[in-house]
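K.L.:
Take a look at the letters that make up each chain.
4 protein chains.
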Amino acid sequence: MHDCCIMVKTTREVGTLYKIGIVGASGYTGAELIRILHHHPKCTVAKIYSRSLAGQPVSDVFPGFFGMDLVFSDPTEDDFSGLDLLFLAVPAGAAGEYAKRFKGKVIDLGADFRFKDHEIYSKTYGKQHGAPELLQEATYGIPELFRDQIKASRIVGNPGCYPTSIILGLAPLIKTGYDGEIIASSLSGTSGAGKALSDAQHFAHRDENFGPYKVGCHRHTPEIEKALESLSGKPHKVVFVPHLVPAIRGITSTIYIDRVMSLNEAKQLYAEFYKDEFFVRVKDAGDVESKNVLHSNFVDIQVYEDLHADKLIIVSAIDNLIKGASGQAVQNMNLLFGLPEHTALDFYPAYP
Amino acid sequence: MHDCCIMVKTTREVGTLYKIGIVGASGYTGAELIRILHHHPKCTVAKIYSRSLAGQPVSDVFPGFFGMDLVFSDPTEDDFSGLDLLFLAVPAGAAGEYAKRFKGKVIDLGADFRFKDHEIYSKTYGKQHGAPELLQEATYGIPELFRDQIKASRIVGNPGCYPTSIILGLAPLIKTGYDGEIIASSLSGTSGAGKALSDAQHFAHRDENFGPYKVGCHRHTPEIEKALESLSGKPHKVVFVPHLVPAIRGITSTIYIDRVMSLNEAKQLYAEFYKDEFFVRVKDAGDVESKNVLHSNFVDIQVYEDLHADKLIIVSAIDNLIKGASGQAVQNMNLLFGLPEHTALDFYPAYP
Amino acid sequence: MHDCCIMVKTTREVGTLYKIGIVGASGYTGAELIRILHHHPKCTVAKIYSRSLAGQPVSDVFPGFFGMDLVFSDPTEDDFSGLDLLFLAVPAGAAGEYAKRFKGKVIDLGADFRFKDHEIYSKTYGKQHGAPELLQEATYGIPELFRDQIKASRIVGNPGCYPTSIILGLAPLIKTGYDGEIIASSLSGTSGAGKALSDAQHFAHRDENFGPYKVGCHRHTPEIEKALESLSGKPHKVVFVPHLVPAIRGITSTIYIDRVMSLNEAKQLYAEFYKDEFFVRVKDAGDVESKNVLHSNFVDIQVYEDLHADKLIIVSAIDNLIKGASGQAVQNMNLLFGLPEHTALDFYPAYP
Amino acid sequence: MHDCCIMVKTTREVGTLYKIGIVGASGYTGAELIRILHHHPKCTVAKIYSRSLAGQPVSDVFPGFFGMDLVFSDPTEDDFSGLDLLFLAVPAGAAGEYAKRFKGKVIDLGADFRFKDHEIYSKTYGKQHGAPELLQEATYGIPELFRDQIKASRIVGNPGCYPTSIILGLAPLIKTGYDGEIIASSLSGTSGAGKALSDAQHFAHRDENFGPYKVGCHRHTPEIEKALESLSGKPHKVVFVPHLVPAIRGITSTIYIDRVMSLNEAKQLYAEFYKDEFFVRVKDAGDVESKNVLHSNFVDIQVYEDLHADKLIIVSAIDNLIKGASGQAVQNMNLLFGLPEHTALDFYPAYP
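Chains as they are written, first to last, in numbering that gives the first Met the number 0: chain A, 0 to 351; chain B, 0 to 351; chain C, 0 to 351; chain D, 0 to 351.
Derived by calculation from the structure, the hints in this document are not laboratory data.
Don't take each hint at face value.
Pairs count within a copy or across copies, as identical chains cannot be separated in the list.
[Claimed, not checked] Taking lysine-lysine and the DSSO-like style, the derived pairs with C-alpha atoms no more than 30 Å apart in a straight line are:
#  : residue 1 : residue 2
1  : LYS41     : LYS236
2  : LYS174    : LYS213
3  : LYS104    : LYS41
4  : LYS122    : LYS266
5  : LYS104    : LYS213
6  : LYS41     : LYS233
7  : LYS213    : LYS150
8  : LYS213    : LYS274
9  : LYS194    : LYS282
10 : LYS126    : LYS274
11 : LYS194    : LYS174
12 : LYS102    : LYS174
Please read all numbers here as calculations on a predicted model, not as lab measurements.
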């Protein structure tokens, strides 16, 4: 294989490229960032960082990237000069330090900038926050709901995968004043758990195996509740149970709500609420399946009802690594740079 | 391979064997019945029936049964004479006719004998019942809950797979008088949909794909509600949403309930309720995963709580083809014959 | 979701777009063509055809394409006027007729234009060829091996998936004069069998199941042998056994060859042979795995040796639907239009 | 759940039970041994050993065994008194010590007793043998080929999974004098690699991923060659390439051989050779698939031909953890105790 990089350069408008750095690029979200940004016409991945992998070419870690001309640097020995934006995919508690050291724009894919209140963060993640003083200048990064605030921010806290699917599934109702019971039962592929080895993720154990985990105590519950509160101005209680299924990617959330309006009214509400959103596809019929959004930045949402038990049931689906992580991060980056929001993200799901 | 059948005969006590027939043995539940009964020390599979496959050896349909000496017969041309019990795995509406023609014991793996009221059956399945006059002598076949009635019955309506997991998960609370909200979110492997070909079950579509289906309208909802009513004497509303996941076998049900007692009280209630049940394993810690019961007749149940939202969450897991179908059918057969209930069913899950 | 099509139009240079038609767009290769061409800066999918689906929007067949503005037309009632190129993904025997009706450029993803000799075609596929008189103006479409002939052709016979992986794996040695034994053992995901429903592709059967099929009689054997002959000028015998594995995509071929040179010589030969090829990645270490090329147009190739038994072993990997079908078809289209060969194809594999 | 152990005891003939110990019972082969022996009418699992897990109940390690009354002991602090037979599932090099300490019958599931020559062992496994003086009293444990020697042995070296599938696939031809080229291309589920965590076995990496590994250098090659030599009295060269596929269990081997006889002659040879073997099923038509033997001790074998290239192709399939490990170990145990060879092993594959 030859001249991959040459080609890439010639298909981009050299001279106007934003220079991007990725700290913690050795995981799944880092790989997706690299892959998506490779096609971004206005950006270039200038530096990738990993302390443990410093000096190694990216294709040693991701053999699928063989031919790509990137080498890991040590983030502790770099001043990030020349970079326009830093993506952070680092362990809980570590993002604050980077956001202090780097004065440019920061998008954190972890949880460190998802809460305004550092005490809730500490209680949820069991760590001291690395830069509580920066929380006020950070915005929770769901563009469809907080677009204007994001544009004006230096730091974006990119949302969790489950919260993205649940908050977008609930937002139209919450904004309309819904304050009843919320039960969210989510299914996820395994990549959400990352590359760290564990018995639970060993192929022979995980394959042909599924069920709920962290019942009643998942860290994403406070994140969901705080985001809903920021939409409605009042507190909400959410019962959230995640389930692992033997698939690599994808999240579907099935959300049980009181039937505060008819199915038709709810369908109209959702269609209207998201009518200008490129990435949200409000469906009117059929099943919502994870495969329909895999390898894309789309969110599919559909409202159902259970008339006999008087419930509305909202189902949403995303690719956990794209709209649930790296795709949404690039969407936020596009906002920060004033680029069309779907730049490098307007790809359709691969099928089958 | 040689003398398989000889061996089987010699390891059984010839002379005391019950003669079993299986109508509709060409599907997954039929295959599981054949496989389980092959090891039953008191029974022999005397005849297997399938109209479309009449005359074909069983190994033409199930190549894994190569060496097994069974040939399909046409059930429409047989008087079932000499048989002690008939398992029915036939399409909805067809079981009644067989239960009229055969005067011996009948266990129906379909839905035809799950309701006392033929109008609910007709409304749910869109068919006339084939033998409404027999419904009063049929019993709903969950041995752990209706053991004495089953023993006294000629006809058993073997429960659906989802209902088995949900009813056993709820029974202790329902018997104690619970009459609050019930939301059951179930996950299932694909074998529950049977062998019939469909786009939804095509490997390249189904693999790496998951999500809810029949939201708000699954046929198992009335079955669950009627069974709960027969336990408590009062009607219950159940919100039930099934989800398909890319696995062959297994069902887990996550059931959301009001916190009418403390977690400890609930744990004690469940442990006490099932303390004499061989197949129900009330767990006290860890996750409930489908793999822990695959290829076994066990039901794993665990109670959790969400204190902050004031909910109890009950999780149960079964193998949909065993405790959810053929294993439970053999358990019912053992009851009908007065045999130890776990005969031929005391096998542990295969791992991994 | 809104204005998807508007965006797409604005990111392309309107006015210079080639107009593309796809006949038989209802299958997996059709879906991949639509998806890849959606991002092609110089082409637009002007028409998609399917007789049975005429009038239906593409998202009815591929729900993942929800939001895409394409409707199936009936190819039997269209004169293809205004189109610059027609992709054919039609049943064996049907491509000839289209290649006669449409006078523009044609890329056939089936087997109809893979052989120069229509008698070999008929013997292999059991059909009369629809346009034997056109075979001489058709070229076998592996760009890395037949680039100049492809550029000069009106019709391209896009290669089979297994042949692509095996021929590219053998070409350097065959060109050097190798004429010894060739044994090719290939593994494939199931999407190569297409969307047609079958017991073999039913999820519960296919999952956790693998093994060889069509042992000693697969239709791709003559295609491989003829392509090798066109490289060396002499006939070759290939023993080819395909195996199905429980994955959606990917092909790996393990090819056993006499050790006619040392491993180092072979490695140098391959590196040199493919040094200018964008899509061929000659690897020097590690394993060759299907995942490293999934969702990309790359071919990974590595040479190994078994010194004790005096064999060279060549392993190659492709995504069967991209380099093995639709990606290679777009690569051929780029050649026919004089565009950079990797236009719209320079994407890296998705991981994980 | 109650009285599981009571039931088990009552269904066995108490008083005549052989007492079995399993050292290294914390892995997959240990779990399969426990599960199979649980149903053995003449044996009881008296002790299970694992140094690291000493004191823990078996259900802490294998939650599917919840209810089973077994606790791990420390094998370094036990004299194995009272045991009739010891299964060893320990790391390479460790079995010799146990075979010296315990004077009763020993079946080693590792490689330590598979070679007569400790130098070949050392060269292959990179370790000193722990008890070279015992190698002469050990027998390679494929009952179908070495039944009489096994019966007369104190120590059995239970074969590797790949070798079992390949040696049984070749034995009839090798015994007839075949000494031509042998190329064996095997596919395996991942459980053969055991429970040890690794990037290669991480679900998100392994799922949807396949390809060859250890090309030209797998440790099973010498084992296969030595076993064939013991059948024919002359040396053989085998080219063996294993492939990992995304399934939990199963091995299929596709073996390429010169066409030294016609297909019909070969089919008769195989049928005759294995006609008295309970576990070997020589098939005459259809495909050989792993699923047809999963969860059973069967070996399916079929001979094919490639007439145009003058090759015979033999395909065999086993469950790697049963006939390829624990099932075959129990088969050997039955021989050592003079029990019917299929005791506790006459179960058919589970489908689907």
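K.L.:
Now tell me if each hint is right for this structure.
P.N.:
We went through each hint and held it up to the structure:
{"no.": "1", "hint": "LYS41 to LYS236", "in the structure": "neither (41 Å within a copy, 51 Å between copies)"}
{"no.": "2", "hint": "LYS174 to LYS213", "in the structure": "both (29 Å within a copy, 28 Å between copies)"}
{"no.": "3", "hint": "LYS104 to LYS41", "in the structure": "within (16 Å within a copy, 34 Å between copies)"}
{"no.": "4", "hint": "LYS122 to LYS266", "in the structure": "between (38 Å within a copy, 28 Å between copies)"}
{"no.": "5", "hint": "LYS104 to LYS213", "in the structure": "neither (34 Å within a copy, 45 Å between copies)"}
{"no.": "6", "hint": "LYS41 to LYS233", "in the structure": "neither (40 Å within a copy, 51 Å between copies)"}
{"no.": "7", "hint": "LYS213 to LYS150", "in the structure": "neither (35 Å within a copy, 40 Å between copies)"}
{"no.": "8", "hint": "LYS213 to LYS274", "in the structure": "between (35 Å within a copy, 26 Å between copies)"}
{"no.": "9", "hint": "LYS194 to LYS282", "in the structure": "between (33 Å within a copy, 24 Å between copies)"}
{"no.": "10", "hint": "LYS126 to LYS274", "in the structure": "neither (40 Å within a copy, 42 Å between copies)"}
{"no.": "11", "hint": "LYS194 to LYS174", "in the structure": "neither (37 Å within a copy, 43 Å between copies)"}
{"no.": "12", "hint": "LYS102 to LYS174", "in the structure": "neither (34 Å within a copy, 57 Å between copies)"}
Against the hints set out earlier in the document, violations occur for numbers 1, 5, 6, 7, 10, 11 and 12.
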